[in-house]
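Trainee: Quick note: the sequence shown uses the working numbering, first residue 19, plus one each step.
No lab work stands behind these hints, which were simulated from the structure alone. Since the structure is predicted, the reported quantities are computational estimates derived from the model, not experimental observations. Keep in mind that the hints are not guaranteed to be accurate.
Claimed, not checked - Below, computed lysine to aspartate or glutamate pairings styled on EDC-like, alpha-carbon distance capped at 20 Å: (1) 89 x 107; (2) 40 x 107; (3) 70 x 107; (4) 78 x 107; (5) 70 x 52; (6) 40 x 77; (7) 40 x 60; (8) 70 x 96; (9) 49 x 60; (10) 49 x 77; (11) 70 x 39; (12) 78 x 95; (13) 78 x 39; (14) 49 x 39; (15) 116 x 95; (16) 78 x 96; (17) 40 x 52; (18) 89 x 77; (19) 89 x 135; (20) 70 x 84; (21) 70 x 60.
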Amino acid sequence: MVSITVTRRQNALALFQAYAEKSLASGTAPKGLEQAFAATLEISPSMWSQIKSSRPIGDKLARQIEQHCGKPSSWLDEEQASETVSQGEQQFLALALKAWRVTNSDGRKALRAQLREMAG
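All chains should be modelled from the sequences, with the hints used to inform the complete structure.
Mentor: See below:
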């Protein structure tokens with residue numbers, strides 16, 4: 019089971035990803051997106067940077083983030099299904115598929131075993 023700290027961080031990062039994609043699609047320059055997102059959440063850019071790396075998101079901050087992002091209370095606390103696959107994820111999946119297709123049965127078993135080990 020994933021801890022609430024990890025779940026909240028993953029969900030906050032997903033909220034930022036959605037914010038960034040929407041902003042970029044509307045023509046906003048990429049520079050300053052993180053600062054703008056932090057301002058939307060009413061936190062400092064420094065705090066957002068800390069949240070992205072390791073700072074736990076407490077209950078009060080979690081409710082604040084949910085409110086400013088239009089999410090229901092406790093949304094940040096629950097594992098969310100990924101709505102979209104990011105460009106980086108698409109590139110990884112394409113590479114994994116290529117590796118899968120070019121190897122033999124033993125290679126596929128090794129790939130599967132390595133991924134299972136990494137995923138815990």
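Trainee: Next, verify each hint and record whether it holds.
Mentor: Hints and how they fare:
Distance check on the hinted pair: residue 89 and residue 107 sit about 25 Å apart at the alpha-carbon level, beyond 20 Å; violated. Of the pairs offered as hints, the one joining residue 40 and residue 107 holds, with about 18 Å between alpha carbons and a cut-off of 20 Å not exceeded. Between residue 70 and residue 107 the CA atoms are separated by roughly 18 Å; this keeps the pair inside 20 Å, and the hint holds. Of the supplied pair hints, the one linking residue 78 and residue 107 is violated, its CA atoms being roughly 31 Å apart against a limit of 20 Å.
At most 20 Å may separate the alpha-carbon atoms for a hinted pair to count; residue 70 and residue 52 meet this at roughly 11 Å. Only pairs whose Cα atoms come within 20 Å are accepted, and residue 40 paired with residue 77 is rejected, the gap being roughly 27 Å. Our distance criterion of 20 Å between C-alpha atoms is met by residue 40 and residue 60, whose separation comes to about 19 Å. Between residue 70 and residue 96 the alpha-carbon distance is near 18 Å, which keeps this suggested pair within the 20 Å criterion.
A C-alpha spacing of about 19 Å is found between residue 49 and residue 60, which places the hinted pair at or below 20 Å, so the restraint holds. The straight-line distance between the Cα atoms of residue 49 and residue 77 is roughly 30 Å, outside the 20 Å bound, and the hint therefore fails. Taking the CA atoms of residue 70 and residue 39, the gap is near 17 Å; set against the 20 Å cutoff, the hint holds. A hinted pair counts as satisfied when its Cα atoms are at most 20 Å apart, and residue 78 with residue 95 qualifies at roughly 12 Å.
The straight-line distance between the Cα atoms of residue 78 and residue 39 is roughly 26 Å, outside the 20 Å bound, and the hint therefore fails. A hinted pair counts as satisfied when its Cα atoms are at most 20 Å apart, and residue 49 with residue 39 qualifies at roughly 13 Å. Restraint check for residue 116 and residue 95: not satisfied, since their Cα atoms lie roughly 36 Å apart, outside the 20 Å limit. Simply put, residue 78 and residue 96 have alpha-carbon atoms about 16 Å apart, close enough for the 20 Å limit, and the pair holds.
For the suggested pair residue 40 and residue 52, the alpha carbons sit about 13 Å apart, so the restraint of at most 20 Å is met. Restraint check for residue 89 and residue 77: satisfied, since their Cα atoms lie roughly 14 Å apart, inside the 20 Å limit. Distance check on the hinted pair: residue 89 and residue 135 sit about 34 Å apart at the alpha-carbon level, beyond 20 Å; violated. Restraint check for residue 70 and residue 84: the C-alpha separation of about 16 Å stays at or below 20 Å, so the hint holds.
Note on residue 70 and residue 60: the hinted pairing holds, with a Cα-Cα distance of about 16 Å set against a maximum of 20 Å.
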